[in-house]
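Just so you know, the protein sequences line up as chains U and Y, in that order. Take the first sequence: its letters are residues 3 to 326, numbered as in my numbering. Take the second sequence: its letters are residues 3 to 326, numbered as in my numbering.
Hints are not guaranteed to be accurate.
It does not matter which identical chain is used: a pair holds within one copy or between any two.
Dumping the calculated DSS-like pairs for lysine-lysine here, alpha-carbon to alpha-carbon at most 30 Å [said to hold, decoys possible]: (1) Lys134 to Lys19; (2) Lys256 to Lys42; (3) Lys210 to Lys191; (4) Lys298 to Lys110; (5) Lys298 to Lys210; (6) Lys298 to Lys42; (7) Lys256 to Lys19; (8) Lys19 to Lys42.
Simulated from the structure, these hints should not be mistaken for lab results.
Here is how the chains run, residue by residue.
There are 2 protein chains.
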Amino acid sequence: MDETERLLEVIRGRGAKTVGLQFPVGLRPRAVELAGELEKRAGVTCMIAADPSFGACDVPEMPVDLIVHLAHAPMPHLRYRNVFFYDLPTPLPESWAFLDAALSRLPKRVGILTTTQHRQWVPQITERLQAKGFEPVVSEPDRRVAYAAQVLGCDYFAATNIAADVDGFLYVGTGDFHPLGVAIIVKDKPVVIADPSTGEARTLDEVKDRVLRQRWGAIVRAQDARTFGIILSKKVGQDRSDLAARLKALLEAKGREGRLFYMDLVAPELLDGYGVDAWVSTACPRIAIEDYLRYKQPMLTPQELEIVLGERTWDAYAFDEIRA
Amino acid sequence: MDETERLLEVIRGRGAKTVGLQFPVGLRPRAVELAGELEKRAGVTCMIAADPSFGACDVPEMPVDLIVHLAHAPMPHLRYRNVFFYDLPTPLPESWAFLDAALSRLPKRVGILTTTQHRQWVPQITERLQAKGFEPVVSEPDRRVAYAAQVLGCDYFAATNIAADVDGFLYVGTGDFHPLGVAIIVKDKPVVIADPSTGEARTLDEVKDRVLRQRWGAIVRAQDARTFGIILSKKVGQDRSDLAARLKALLEAKGREGRLFYMDLVAPELLDGYGVDAWVSTACPRIAIEDYLRYKQPMLTPQELEIVLGERTWDAYAFDEIRA
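Please model the entire structure based on the sequences and the hints provided.
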């Protein structure tokens, strides 16, 4: 059944009069379109959430009867109230050239990883690899990740869970962040990206080296910092207040100052002018890794702060994950 | 009693263990300092709210025992839960030169206006003007404005309430926005600014003309817009959902489309890419007036939308206020 039809049935079933729409930045025009369609066909009033949503970790309350959250998979460990997850999977590709381009780089025992929008391709990918003589392995989902093979920017269970059973990974998707996380977490195993948007395959060796150099740079720059700002997210699935409290206590035990900063959206202009020497983010791990250059002061992950404070060695560097 | 001592007493009295701090952008370093002082002296854990606060209209909940809100006066009509308003008035000036510089431009019957940070100067200002032969008039506070003579960017009761009794206004403060609002609202009466930061007095005639030309430009640009985005604020003191619903119905009655956008912080990058032709803000009036040039599409006030739709004439142009 078409997803909009399924949604209309839910709206009717619940007698919803007002509907809120939440969605990632790339779907802004689609959200406006859907609002128009729902108002016309279901007689509801729609309210478009203009605060950006970065995932199913980020489903703020709205003054409506039903929230429609587009394109993210619900996190099994979170309780959502009156939320309809509107699934927007990418249709099966017409050409599997992007997958075939990856074959020559894959080990025989290969772990399959992807994001929610491509998750429906996994059976065909597995079949295709098996037909070529590979032994693909797919992880079960878990408490934070809804679907088999699915990775999140903050959760690589689908990789670590099967790391002992494979000699490398195939990541199907666009963008570098997720496979980069995999490559850093499963240090000694190759990660090959098969990118359906370009039709090509690639590895991340150079990106990984550059990012790790940047992380080392951030750690060195924070070495003499006296006051650290510890960022604590308002977003329901990014709440790590216990970790933030532990980092504050650790900083104080080491003779530094830790100040807690509570916020929703994390952005450079919102952290300007506080007179803080360095930041540690307990919110989404992408903030430190991906947006590093946008911040004036070094922006660390919790594990990187431990390195600064001599509680962890660089050899034990770990990519930041939010695990339930 | 020193404001921090008063706060420490409240913290002790309530047995608060966690304290949240909210403050305008200009007070960021002061907030970090106060957090350190409270943690040291009261043994509490402080949490600095890094989402910017623009006024007492904007006091979001925090997971703490007590919220400390700096430098804004509480709005009498709002109910605040566990909020301590930390008063930060500007001390009486050493020189009254800025006031004396205004005298030659003031009418005899003059209304006194200011913001909360200078409200304690009002008795001395009144006295000084009386000694020089003026007849100063000060408005009582009301449901949205806590103090006599106080204006807000969204509430000019202190001016309109006494407009019939005066021939012009003296505004004591820095910045153009508040006196601009006064000048547009009380069309035919001069507004003189006595600015303690520069020590000088000035009028706003040029600024007012430029802003009104800009507003006219925005109205003209929105004339052919088909889809309007109606901005509805999450902030407790900026909620005008009834007005937003009325504007949506008005747009639809006029054959246009109105889409509701629900958001906290309003910023250009958050409104980009929706395919909307024009915006109407029911949030803080400053967004349309002060930040106009930052938005790609015309950004209107509710009254300006009425002009676009032929429901109001330009001669009946009204500055946007949020009245309880």
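Now the hints, each set against the structure:
no. : hint             : verdict
1   : Lys134 to Lys19  : neither (53 Å within a copy, 62 Å between copies)
2   : Lys256 to Lys42  : between (61 Å within a copy, 17 Å between copies)
3   : Lys210 to Lys191 : within (13 Å within a copy, 66 Å between copies)
4   : Lys298 to Lys110 : neither (45 Å within a copy, 53 Å between copies)
5   : Lys298 to Lys210 : within (22 Å within a copy, 37 Å between copies)
6   : Lys298 to Lys42  : between (47 Å within a copy, 28 Å between copies)
7   : Lys256 to Lys19  : between (55 Å within a copy, 23 Å between copies)
8   : Lys19 to Lys42   : within (12 Å within a copy, 51 Å between copies)
The structure is inconsistent with the numbered hints 1, 4, although it conforms to all the rest.
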